[in-house]
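Q: Sequence:
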Amino acid sequence: MASDYDWIEHDQYEIAAAPIREGSGWRVAGAVSKLVDGQRHVHCFVRADVCQSRDDAEQISLTKARLIVAQGGPSSYESTLPDTNIGSDDPPRDNH
Numbered sequence: 131m132a133s134d135y136d137w138i139e140h141d142q143y144e145i146a147a148a149p150i151r152e153g154s155g156w157r158v159a160g161a162v163s164k165l166v167d168g169q170r171h172v173h174c175f176v177r178a179d180v181c182q183s184r185d186d187a188e189q190i191s192l193t194k195a196r197l198i199v200a201q202g203g204p205s206s207y208e209s210t211l212p213d214t215n216i217g218s219d220d221p222p223r224d225n226h
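So the mapping is simple: the working numbering equals the position in the sequence shown, first residue as 1, plus 130.
Do not rely on the hints blindly, as some may be mistaken.
What the hints assert, rightly or not - In silico lysine to aspartate or glutamate, EDC-like type, Cα no more than 16 Å apart, as pairs: (1) Lys164 x Asp141; (2) Lys194 x Asp179; (3) Lys194 x Glu139; (4) Lys194 x Asp141; (5) Lys164 x Glu139.
Hints in this document: simulated from the structure, not taken from any laboratory.
Could you put together the complete structure from these sequences and hints?
A: Next comes the structure, spelled out in structure tokens:
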């Protein structure tokens, strides 16, 4: 996954598209982020879908991230590691 994200605020979460280059296509992938007990937690996801264009993969990635949020967010942030860059200008690291 990309190490830096362009975060978009969405319903008390932040979401981002992070398509992965795969051959001549782009795999749908992204992240959902939320502050939990004062710590930023990032849930990364990768889908089986591969698109021909990066733009299509980004749009589908954002749609998937919105769906994760609509379904109550990631089921548990216990399995994710807190973002170690809290308070930094550096982008969050991929913790998976």
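Q: Of the hints stated earlier, which fail here?
A: The structure breaks none of the hints.
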